[in-house]
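Colleague: Protein chains in written order, with my numbering: chain A, 1 to 413; chain B, 1 to 413.
Bear in mind the hints are in silico, worked out from the structure with no lab data behind them.
One thing to keep in mind: the hints can contain errors.
Pairs involving identical chains hold if they fit within one copy or between any two copies, as the list cannot separate such chains.
[Claimed, not checked] Below, computed lysine to any residue pairings styled on SDA-like, alpha-carbon distance capped at 25 Å:
1) 408 with 166
2) 265 with 392
3) 408 with 131
4) 195 with 100
5) 59 with 83
6) 105 with 212
7) 141 with 45
8) 76 with 194
9) 130 with 190
10) 130 with 393
11) 342 with 309
12) 180 with 386
13) 265 with 110
14) 141 with 55
15) 130 with 392
16) 208 with 32
17) 342 with 312
18) 268 with 185
19) 105 with 186
20) 105 with 393
21) 342 with 31
22) 245 with 112
Protein chains: 2
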Amino acid sequence: MNLDIITIGDEILIGQIVDTNSAWMAQKLNDEGINVREIISISDDPEHIVETFTESAKKVQLVLVTGGLGPTRDDKTKDTICDFFNTRLVSDPTVLQNIEDLLNKRGIALNRLNQDQALVPENSRVFQNKLGTAPGLLLEKNGCTYIFMPGVPFEMKYLMEFEVIPFLRNNFQTSTIYHKTVLTQGLPESMLAEKISDWEDGLPTHIKLAYLPSPQGVRLRLSARGMEQSKMETEVAELIAGLQKLIAANIYGFNEESPAASIGKILKSKGLTISTAESCTGGALAALFTENPGSSDYFKGGVVAYSNEVKINLLDIDEELILIHGAVSREVVEKMALHACKLMKTDLAVATSGIAGPGGGTPEKPVGTVWVAVACQGSVVSQLYNFGSDRDRNITRTGQNALFMIRKLLITL
Amino acid sequence: MNLDIITIGDEILIGQIVDTNSAWMAQKLNDEGINVREIISISDDPEHIVETFTESAKKVQLVLVTGGLGPTRDDKTKDTICDFFNTRLVSDPTVLQNIEDLLNKRGIALNRLNQDQALVPENSRVFQNKLGTAPGLLLEKNGCTYIFMPGVPFEMKYLMEFEVIPFLRNNFQTSTIYHKTVLTQGLPESMLAEKISDWEDGLPTHIKLAYLPSPQGVRLRLSARGMEQSKMETEVAELIAGLQKLIAANIYGFNEESPAASIGKILKSKGLTISTAESCTGGALAALFTENPGSSDYFKGGVVAYSNEVKINLLDIDEELILIHGAVSREVVEKMALHACKLMKTDLAVATSGIAGPGGGTPEKPVGTVWVAVACQGSVVSQLYNFGSDRDRNITRTGQNALFMIRKLLITL
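Here chain A stands alone, though its shape is the one from the complex (with noise of 0.2 Å):
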């Protein structure tokens, strides 16, 4: 089944807030296998709501609608839906009673404002919001299903968990489908498109892929289509086991893992330790590991050694060293990594040593020029990259290269 999902207000359409509503809502549709057609962002103007409500209805029998159903704006919104399905408000007495339990619990008296949000369209069907004084609702025109539900994130949360997704359930076909998405580290999008271009010719046509790059790497995505829920999974398994044999050292994980949470999970069950020693990415690595839940097990600490002193001074590195091969050098980042490694008792430690940018480049090193030290029981290897100009992405790049050069390490041991 198809539906549209509508979200009304300015906010959205000037750039003052990012819709995260949809995205919610469109993957927990997807989860009871209803598809989204379009998601559109309209303003509150009645002309041009009424006009897109008109357009959705000859494509989908089913509309999701946020946002328009605030305490201030309540009134416009409400009203064009009344002159759209050719209704009129009147006042719902357990809306009411919803509205004054939340009042009354934050000590605040009804006001005229509180008292027009219980109207609701005549004919409409009511879902109660508990979390929230505007409600859900339902109406219908020529064939096609309209849900409302207010634009504040936790309560269309709500709204859609306890109310609309059980009402679609049971009122609507849902065909199944079944996502897996494969996280890959270490391939341009082109390079891994061409290792795999075999293996996507044999692709089954009920089953469709998609890359999708991200700062993390490429994700590739397997989406599976109108069979039973575990011949699908059965299937896509085997898709991945013959992709698995392609490109495994390039396989970090899957659906939503992070490449440092994969990293994490490895060294946790192999009982090792990790530290970091960062120039160029300034705290940027250590960060990607530490945003994960229980990373203390793991991970120890790290030193942010940006100036030469603190290279000196804190991490030990030899002032000659980096006078004869400068700071941005394969004797200097392993020497880093090596000795980040004693210096905070870990089984491996990773540094980072480049120039970020935009200044601090020369004709030997232009900007864009990193190394990368990761350092394992007392070994160490480490790699030179020639990234581009771009002061933020020199950062990302440098932190995700250096996991995937931990993960390369890390499945040998």
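Fit chain B to the known structure of chain A by using the hints.
Modeller: Chain B alone, transformed into the frame defined by chain A:
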């Protein structure tokens, strides 16, 4: 002028990614006085693409399209574009050269897929994309202009800033809008609104105020419309001077500046240096400093003392102090800051220690308990925070509050 933004790609419709591009674009367009009529997310399906293009052309003279231009075969958009605009693909030598240059830098050989990326519709205007392999494209049909950009955020942003917006300025009638954003920290939205309510009531009708909450604090955007640029600038400057009188301590900058960049400016102007000693922020606070170009002028380094062992060995914290007070305590965090100053020979140091969650909380010190200390030339100030239960939010809020404490201290020096 009105335009539509169309986003092509299944990943938004299945909720795999949140569409942050459209909000960013909408904000930039708004700054140019261009109104976004609708934001529409659709699938890769050619029929759906053509239908949406056709519908938009009935309403607007300009359509910005992102997504669907990657190197792999799930991007069928180029063929669809050719059909729609009744043209064919030809290889563009400048695009091909750019692709070769980009790949050379990364030490990758050109493959067939990359060559195909240099194919552009014959009658299109090409915007060179220096940061990626897919160029921007401009085509026209029935009086409507369509501009295509890749969906990768940093590539889209590059094309918008350096190609598309300059093009729009030269070729379309844009009304004059002047925006200035006042960046505040340390006051929640509702308290801020209360403090400045008289000032807000006194705003002239041609100047609008918007509250834009963000993880860094609340941004107040003033938008003036329909007057001479110089007159708007003067009037907004006068209004901001009035605002300064009310919330001087909370204003850390203007427009796009980050709190850490603004602190960096002050440090540099005063010839001061800073270092970090982080437990719960795990490198994220150092990264806030080092993401700014030129940060090596004032940021010397940091220690991520995630484990107690690293606190003891690297930051020279007395083990007994941790045993008596716990690692999350005023006593420990103050010593962390003071020792970081000494160790890294900086004028200031900032230290964090807290329970980010989800694990590690106790009845006495629940998840969200955080201590922050700022040391400056031998003395130290510290503060206890009680944040919520969300790990990411706790790390972000600790970092932002630490920056606010540094700023407060700096302006007294």
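Colleague: Each hint needs a verdict: does it hold in this structure or not?
Modeller: Outcome of the hint check:
no. : hint         : in the structure
1   : 408 with 166 : neither (39 Å within a copy, 45 Å between copies)
2   : 265 with 392 : between (27 Å within a copy, 19 Å between copies)
3   : 408 with 131 : neither (39 Å within a copy, 28 Å between copies)
4   : 195 with 100 : between (57 Å within a copy, 20 Å between copies)
5   : 59 with 83   : both (21 Å within a copy, 23 Å between copies)
6   : 105 with 212 : between (40 Å within a copy, 23 Å between copies)
7   : 141 with 45  : within (20 Å within a copy, 27 Å between copies)
8   : 76 with 194  : between (52 Å within a copy, 17 Å between copies)
9   : 130 with 190 : between (43 Å within a copy, 17 Å between copies)
10  : 130 with 393 : between (35 Å within a copy, 13 Å between copies)
11  : 342 with 309 : both (19 Å within a copy, 13 Å between copies)
12  : 180 with 386 : neither (33 Å within a copy, 38 Å between copies)
13  : 265 with 110 : neither (43 Å within a copy, 36 Å between copies)
14  : 141 with 55  : both (12 Å within a copy, 22 Å between copies)
15  : 130 with 392 : between (33 Å within a copy, 15 Å between copies)
16  : 208 with 32  : within (16 Å within a copy, 40 Å between copies)
17  : 342 with 312 : both (15 Å within a copy, 15 Å between copies)
18  : 268 with 185 : within (21 Å within a copy, 39 Å between copies)
19  : 105 with 186 : between (44 Å within a copy, 16 Å between copies)
20  : 105 with 393 : between (38 Å within a copy, 15 Å between copies)
21  : 342 with 31  : neither (46 Å within a copy, 53 Å between copies)
22  : 245 with 112 : between (63 Å within a copy, 23 Å between copies)
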